[in-house]
Each structure stands twice: as C-alpha cells, then as structure tokens.
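Peer 1: For the sequence shown, full-length UniProt numbering assigns the number 1 to the initial residue and increments by one for each residue that follows.
Treat the hints with care, since some could be wrong.
What the hints assert, rightly or not - Heads up, simulated EDC-like pairs for lysine to aspartate or glutamate below, C-alpha to C-alpha not over 16 Å straight-line:
no., residue 1, residue 2
1, 122, 138
2, 122, 142
3, 122, 75
4, 122, 146
5, 122, 98
If you are wondering where the hints come from, they were derived from the structure by calculation, not from laboratory data.
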Amino acid sequence: MSLQRKRLEAQNSGSPVTAKHPMATQRYAAETAMLAVALEEAHIGLAEGGIPIGAAIFTLDGELVSRGHNQRIQDNDPSSHGETDAFRNAGRHTTWRDKILVTTLAPCWYCTGMVRQFGFAKVVMGETVNQPPPHGYDWLRELGVDIVDLGSPECIELLASYSAREPDAWAEDGGQQW
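The whole structure should be built from the sequences, with the hints applied where relevant.
Peer 2: Here it is in structure tokens:
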C-alpha cells in the first residue's frame, strides 16, 4: 500500500479512501471524469421530476458501458435506482468483475447487493454524506471490492438540497418510512 493511500485511510479513519485530500486529486482524475457521466444522469433525473441519483458503468480501462438514473418516481417503480437503471441498460455480460460502478451517492443495501452478486471490481461514489448508515460499502470493502469516495461537493449539495425539499420522497427511496 502506498504512503499516500495509508495517509488517506488514516485521515478518514475507516471511511473509504477519499479524493477529498489534495494528495489524491491526480490519482482520481479518471474516476472524477467517470463521475461526470453519473452527475449528468442525476441532473436528467431531477429534470424529469425524480430523485437526483445517477450512475454509470465503465470497464477497468475507462470505456463507458452504460448509464442510468433513479426513476423510482417517474416509473412508480421502487426498484428503479440509479445503479440498477445503469445495470439494466448495460445488457448482458459474461462477467462484471472487470467493471466499475460509478454512482453519485453511496449505494444503498439493495444496490450493494447487486454489486456483490455480480462481482463488480470497483465502486466509485460521488459522496457518502447523504446516505444514512449503515453503509454497505464497508461490507463490499471487506469482500475485496475497491471502494473510492470522491467527496464531490456538487454531489453532496445536489442530494442535500433535494432531501431538504422532498424529505418524504427521499425517505421512501431509502426504504425508510417516517
């Protein structure tokens, strides 16, 4: 493990490796570019009247496989999360072990299960602030999945402002009935 990564992990005290630290900016340039695709999808979902969570799937070489966004409200479908929409849009693949799931928000347990079942190699998260614990990414890390939290201020603000405006829809999306 590199000294930079050790410092990042120590700084985050058990949190996923994060790009918030200036030392990590160059290391996560590719992941940040991938996140831009997921953010575009989040904005599409918001413009459609839905929850602004976007996702994209890439190969380990950085080739875009698919993209999607949360459509639970638009489709009246509780299973239509951003990650599952991107997964469905990807079509069939003989393996997912060479794929990266990029999402604007830390995956919920439902989407974490998809990552586990299909064996994604890596999960890149735009943010972890607005996802209430417990966090499934800790479990994925224990299973050997490479976890990266980019700590994107844009992702944090997008979800925070949405959840403040639409607390009932936000709680329902996470399976939390108030």
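Peer 1: So, against the hints stated earlier in the document, which numbers end up violated here?
Peer 2: 3
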